[in-house]
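Asker: Residue numbers (our numbering): 875 to 1025.
No lab work stands behind these hints, which were simulated from the structure alone. A few of these clues could be false.
As the list claims (entries may be wrong) - Quick list of in silico lysine-lysine cross-link-like pairs, DSSO-like style, CA-CA up to 27 Å: (1) Lys967 with Lys932; (2) Lys901 with Lys927; (3) Lys904 with Lys935.
Said to hold, decoys possible - Cβ pair distances, simulated, as ranges: (4) Pro1014 with Gly933: 22 to 32 Å; (5) Ser950 with Asp1016: 36 to 46 Å; (6) Leu900 with Arg951: 37 to 47 Å.
Predicted model, so just to flag it, every value in this text is computed and none were measured. Cβ coordinates follow ideal geometry from the N, Cα and C atoms, glycine included.
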Amino acid sequence: MIIITIPMSLLDTDQQVQQLAMGAVLKGAKPTHNGDSVIYPIEDVYLSLDHAKLLVSKGAKVDNMSLFIEIDSPSSRVPDSLILEVSEDEEPKDTWATWLLPNHNIMTRAGRLFVGTNGSTNQDPSLNELVDVFDDLITPYDLPVPDPELN
């Protein structure tokens, strides 16, 4: 379940955010208050990536959204904002091939390469942490059809 956190001040002043918040409620989100923010838990099928990006650009926080990043190659450099700190005796994890944990793989679909945004930590990062790769993000629902197995 995706968790959207919207500052009350943003709900009071931004019509686009107000419309998305009302849409979330109509789609079954049951908002709660936490200090000066309203929290909307919503099923992932009811929040488009474009709407999630819009919310982030306006100052909201979007958590628990499963996404993939389209990459050029396993040896491409990971954006600095996604590189995790490593100890001095470890090699930097600055390419997609080294950024992924051993239990994650680079996925090929329709000749394109994808990595899960959870590939380096086993947890979906906040969409707010993925701003540097916004243009390369894709939802699981929008991934190309799997390549047929070669027999």
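Asker: For every hint, state whether the structure bears it out.
Answerer: Structure-based check of each hint:
Taken as a hint, the lysine 967 and lysine 932 pair is broken in the structure, with Cα atoms around 31 Å apart against an allowance of 27 Å. Simply put, lysine 901 and lysine 927 have alpha-carbon atoms about 19 Å apart, close enough for the 27 Å limit, and the pair holds. Proposed proximity of lysine 904 and lysine 935 is supported: the alpha carbons are some 17 Å apart, at most 27 Å. For proline 1014 paired with glycine 933, a C-beta distance near 26 Å keeps the hint of 22 to 32 Å intact.
The supplied range of 36 to 46 Å is broken by serine 950 and aspartate 1016, whose beta-carbon atoms lie about 21 Å from each other. Between leucine 900 and arginine 951 the Cβ separation comes to about 42 Å, which falls inside the hinted range of 37 to 47 Å.
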